[in-house]
Amino acid sequence: MLGRIWAIALNTFREAARIKVLYGVLVLVFGANFLALVLGQMSYHEDVRVAKDIGLAGMSLFGSLTAILLGLFLLYNEVQKRTVHAIVSKPIERWEFVVGKWLGMALVLSVLVGLFALAMVLMLVVQGAGMSDDLVKATLLAWVEVLTVAAIAIFFSSFSTPFLAGIFSLAMWVIGRVTPEIEAATRFASTWIRIVAKVALEIVPEIHLFSPSGRGDVSIHGNFVSWGYVAMASLHGLGWIIGLLALACLLFQRRDFV
Amino acid sequence: MDPAIDVSDLRKTYRTPFARKKVEALRGVTFTVERGTIFGFVGPNGAGKTTTIRTLMGLIRPSGGTAKILGHAIPSRAARFKVGFLPESPYFYDYLTVNELMDLTGRLFGVPAATRKQRADKLIERVGLGRARSQSLKKFSKGMLQRAGLAQALMNDPEVVVLDEPMSGLDPIGRKEVRDLILELREQGKTVFFSSHILTDIEAIADRVAIIARGALTAQGTPAELIQRSALGTDITVRIAADVSIEELVAGASNVRRTGDQLSLTLPADADVDAWLATSRARGAKVISVAPRHETLEELFLRRIASADASSEATEGRV
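Chains as they are written, first to last, in our numbering: chain Y, 52 to 309; chain R, 2 to 320.
One chain only, chain Y, in its complex shape (with noise of 0.2 Å):
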């Protein structure tokens, strides 16, 4: 079982490593750390913020909007293009291919976000700042966000075409990431309002847990969070990642793949 998800994996790893889209994020991603650089140098005495501002908003926003694009794509380039009908022919289980194909997108997505991660070290190394714990913990929150934003793009591309699923995860990505603020917008409103809220923010991951910097008192530059609340995040963003795969599964498995 390993060893087909992991032959899934690689391959899924290699086809997305053909995209050329994601050198260009790369390169944007770059561009806005030295955008960090020359904005610090502008500043007063506020340089290392902002380097850390916008190196961890960078990864946090062009990591999902990369693992929206990649789960969009990776999945129904495979039924629309019929490679799938030579891979699920094989002794392999459907679900098999799907977990195969988020591990693959996983593996792409990490080395990205380790190489935004490295890009905003190296903005800091410059600036005369380096790695702290804090920044570990905001890169790994960043980290699982990126995979918990790739399991819900399979979720939706196993069952609708790109388009439709480019906006449902979009928009599951930005509810998630403003749950917080909606629920402080609707609880005023009137009940019927407050309950349609309440019931979509059940179905949304929250994914606002995976950048708390900025909300209340918890701040990337001085009060940031402690490793069990990073812990609790992980598994709430694991336990969603597990939830979105197993429905893609479901839904993957009842297909027919003419």
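In case anyone wonders, no lab produced these hints; they're calculated from the structure.
The reader is advised that the hints may include incorrect statements.
In silico PhoX-like links for lysine-lysine, alpha-carbon gap of 25 Å or less [to be verified]:
no., chain 1, residue 1, chain 2, residue 2
1, R, Lys-83, R, Lys-118
2, R, Lys-139, Y, Lys-71
3, R, Lys-69, R, Lys-83
4, R, Lys-140, Y, Lys-132
FRET-style restraints, in silico, Cβ to Cβ [to be verified]:
no., chain 1, residue 1, chain 2, residue 2, range
5, R, Arg-16, Y, Ile-293, 31 to 41 Å
6, R, Thr-14, Y, Gln-304, 16 to 26 Å
7, Y, Gly-265, R, Gly-65, 51 to 61 Å
8, R, Glu-25, Y, Thr-242, 42 to 52 Å
Since the structure is predicted, the reported quantities are computational estimates derived from the model, not experimental observations.
Even glycine gets a Cβ: it sits at the ideal position worked out from N, Cα and C.
Given the structure of chain Y, go ahead and fit chain R onto it with the hints provided.
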């Protein structure tokens, strides 16, 4: 021992997305493929050949009926371990080389690394892709892709080989090579189930043939059985003097051709050939050849398809 493939009353019904109209792709298909034989599956485009094959391979869920491969009810992972499959117009990851495709296939079958390499080398050479082994599949012609597809279908040393249009896209030499490969597989004791549009290929190598039209089988049996049942008449050629009247001889015959002192014709299936020969000899004719004329598989195929179309139209008309 279970047959290699046992299909009984297999049905597949699709519903169109919005109108929810029922489309019956398979309407109770039943056939059996014995082990160690070559089974040819013939039908026009849209007849249900590929749907049947995809259902057997677990790509499509049947709406009804049963199908077993080597005694395992589909979809069965245990059966897929022993089956090699070439999809129709095979699409593979075009960024892979044929070596990498074979390696991926071997991994999915759990073939150990050393065996994988050895078997891949042998099969790549066998299908004639030795010189292209390090080229990406993107650069392959349709025929080369077909060969790569055949190689990957044999990577697990299967007991049953299912080939959907294996001759498609191949030139006459390639077709001959595939025919030889299929015969070689049978010699090795493997079962081959293949679909094709090329009836001469099927007639040449298949032990049994099934004809499918509009989702239902219209005929099945050995080529000899199918063709014998449909004897069309007797082809006769005689030498007879040009000034002899042949009016009586050609009465009721078809394909009559008189060239110089040579007369060729076809007597109907129920004609008394001995009596005809006696009459012709009485007129001084010398017999050159007498051969029963059988229907070719192509003629049988066209007739069966036409009758399936006619009966289907009649049914639709009644509805």
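Verification of the hints:
no.	hint	in the structure
1	Lys-83(R) with Lys-118(R)	holds, 19 Å
2	Lys-139(R) with Lys-71(Y)	holds, 17 Å
3	Lys-69(R) with Lys-83(R)	holds, 13 Å
4	Lys-140(R) with Lys-132(Y)	holds, 17 Å
5	Arg-16(R) with Ile-293(Y): 31 to 41 Å	holds, 33 Å
6	Thr-14(R) with Gln-304(Y): 16 to 26 Å	holds, 20 Å
7	Gly-265(Y) with Gly-65(R): 51 to 61 Å	holds, 59 Å
8	Glu-25(R) with Thr-242(Y): 42 to 52 Å	holds, 51 Å
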